[in-house]
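**Q** Here is how the chains run, residue by residue.
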Amino acid sequence: MSESEVAGSDIYLQPTVVFQRGRKYMVCAKSGHGKTSLLNFIYGSNRSFDGTIDYGMPVDSPFALRRDKLSYLFQDLCLFSELTAIENVRLKNNLTHFKSDAEMEAMLAAILPAEKKDQPVRTLSLGQRQRVAAVRALCQPFDYLLLDEPFSHIDHQNAQLLADLVCREVDNQGAGLIVTALDAIDLFNFDEVLHL
Amino acid sequence: MLAKLQRKTLIPTQIVGYALTLLVGVTIVLLAFQLYADLQPMLTQQTDVFKAHTVTVSKNVTLFKTANKEGVYFDQRELDRIQQQDFVKKVSRFTSSSFNVSASINLGDGHRMSTDLFFESVPDEYLDVQSDAWQWDSTSDFLPIVIPEDYLSLYNFGFAESQSLPVISQNTLSQVSFNIVIDGNGRHRMYTSRIVGFSGKINSILVPEDFLVWANRYFGAPSTDRCSRLLVEFTDASDERIPAFFEGNGLNINKSELETSKMVFIFRFALLFVFVIAAIIIALSMAFIVMSLNLIVQKNRELFVNLYNIGYSTSQIARFYQRVVSIITVADLLLAVVAALVIRGLYVSRLQTIFSVGGGTLPIILTASILCLFLLLAYNGLIRRSVRSVVR
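Chains as they are written, first to last, in the working numbering: chain A, 1 to 196; chain B, 1 to 392.
For the record, the hints were derived by calculation from the structure and aren't laboratory data.
Keep in mind that a hint or two might mislead.
Some chain A residues judged to face chain B by a derived CB distance under 8 angstroms, without partners named [stated by the list, open to error]:
hint : residue
1    : S45
2    : R66
3    : K69
4    : C78
5    : F80
6    : L83
7    : E87
8    : R90
9    : L91
10   : K92
11   : N94
12   : L95
13   : F98
Derived SDA-like pairs (lysine to any residue); straight-line CA-CA distance at most 25 angstroms [claimed, not checked]:
hint : chain 1 : residue 1 : chain 2 : residue 2
14   : B       : K4        : A       : D54
15   : A       : K99       : B       : S315
16   : B       : K4        : A       : A102
17   : A       : K69       : A       : D54
18   : B       : K4        : A       : E87
19   : A       : K69       : B       : N309
20   : B       : K89       : B       : R226
21   : B       : K262      : B       : E125
22   : B       : K8        : A       : L124
23   : B       : K4        : B       : N309
24   : B       : K262      : B       : V57
25   : B       : K8        : A       : D54
26   : B       : K299      : A       : E87
27   : A       : K117      : B       : K4
28   : A       : K116      : B       : L5
29   : B       : K4        : A       : H97
30   : A       : K116      : B       : V391
31   : A       : K69       : B       : L2
32   : B       : K4        : A       : F98
33   : A       : K117      : A       : D54
34   : B       : K299      : A       : K69
Every residue, glycine too, gets a C-beta built ideally from N, C-alpha and C.
The task is simple: from the sequences and hints, build the whole structure.
**A** Encoded structure:
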């Protein structure tokens, strides 16, 4: 990105930006302004930036944080289309066995029609897939939850259901939340809104 | 879950192809090693003990020579002439006894059986018998003897067979002691004796050379340093001038010796050739599975990246493929070991009738183990590297 594009940014080119545990952050920007890049920098899947990210603990590679410190709802979802909804969630949960089978099923049931749980993800609509991916992101311990445009394909009513589910989990874990969106959304009680 | 996801990425035909080629290659390699080890006694007997390039040479016995016996002996001029041929490395002589020898054996109740004998000797390095008892010293009354294997075969398969007599093993015969009486030069001495070995190469009744040299002086007629048979060692036994030279000079060579040494050479070469081909087959099978795995990794790049994204490490992603390839490889090698053992069983039962196959199946087991270790290390490393290269 050119300097002029990020001139008014609350994050890029700033000397330091601090995200704290227990607080909820909204990151707003037009498309193409680096929302996903920011989350990828934090998650460690994109390293093409200047500066440093301090995780508040010694970290060899951000990869080590993926199991129990950072959870990420990818914009492109990264679901496995051959596996069913519940299998996708289990695959993630198998890494840490953080949730019980019943908990996973309950979370899916809260935001997805019951019959969809055992269908291969490729047969689900985009919005349904997005909700599966969100549930998957909740099935691990984390200090920060990163949600990249989590409601882009979901109607308002379902978005509220999902937001409630996410809030409960974030609050339970005492974690920080970073949500990106095109425009400000009022589904969470954000502590801070940042503009890229 | 992960296995379910990754199972679909495998390409069964390629795995079957790998398993088959590896099986064929490994079975042949194992057999080549085992066969080489099994035939080692025969090969080394040929090459080391009785040098592969050594033959026995004598003059042709003709009607004329039957009348004039002097004709069968070599004189110094003839010896020099053979020695001067550039394919001849060394000429050694058979030493023969120039005294009377008789052997006798007590049959109990006062009966005795006795026969007249002769002795010859050759330098120890040409003798294909190894025995601790093959020693003589002037103070001892014990005299070790080596007889040709053929004598015993002649008795066992010819005489005993036709007369319904029991056959005698080499071992049994070696335990029988008998008396040797030597007369000559007005002297007389009795020795106890035993057969300490059977020569497959030298067709004569042999005693240690130092004994015969001493005995010829002590018992023998003076000035009888005659020799009717030679041991000729060649630099290269396959030299085609050899048969021509000996035939042209009315000499008789033991051609089968030459033939065997040629066969040993051809056999070794053939075994090496088979080994190289099998090694190439194994190398191809390895290339095949490595290419197949690379194809899987490239085709499923997105799957692997997704797994890595949700927190699966490269070693966790690679583990499934490492397991599949390891299990197939180990099972394949076990199968190859079984196949090689079965085939060995078939040829050993035939070989046992010709000579005793010593040694066990260590070559098969050892080769398979080393190969297994090498393949597993190579594959596990390669798969890990290939997965890592695609997710990062």
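**Q** All the hints need checking, so say for each whether the structure fits it.
**A** Quick rundown of the hints versus the structure:
no., hint, in the structure
1, S45, "6 angstroms, holds"
2, R66, "4 angstroms, holds"
3, K69, "10 angstroms, violated"
4, C78, "4 angstroms, holds"
5, F80, "6 angstroms, holds"
6, L83, "6 angstroms, holds"
7, E87, "6 angstroms, holds"
8, R90, "5 angstroms, holds"
9, L91, "4 angstroms, holds"
10, K92, "5 angstroms, holds"
11, N94, "6 angstroms, holds"
12, L95, "5 angstroms, holds"
13, F98, "11 angstroms, violated"
14, B:K4 / A:D54, "37 angstroms, violated"
15, A:K99 / B:S315, "24 angstroms, holds"
16, B:K4 / A:A102, "22 angstroms, holds"
17, A:K69 / A:D54, "13 angstroms, holds"
18, B:K4 / A:E87, "10 angstroms, holds"
19, A:K69 / B:N309, "14 angstroms, holds"
20, B:K89 / B:R226, "22 angstroms, holds"
21, B:K262 / B:E125, "21 angstroms, holds"
22, B:K8 / A:L124, "21 angstroms, holds"
23, B:K4 / B:N309, "18 angstroms, holds"
24, B:K262 / B:V57, "18 angstroms, holds"
25, B:K8 / A:D54, "40 angstroms, violated"
26, B:K299 / A:E87, "22 angstroms, holds"
27, A:K117 / B:K4, "17 angstroms, holds"
28, A:K116 / B:L5, "19 angstroms, holds"
29, B:K4 / A:H97, "18 angstroms, holds"
30, A:K116 / B:V391, "30 angstroms, violated"
31, A:K69 / B:L2, "22 angstroms, holds"
32, B:K4 / A:F98, "21 angstroms, holds"
33, A:K117 / A:D54, "38 angstroms, violated"
34, B:K299 / A:K69, "31 angstroms, violated"
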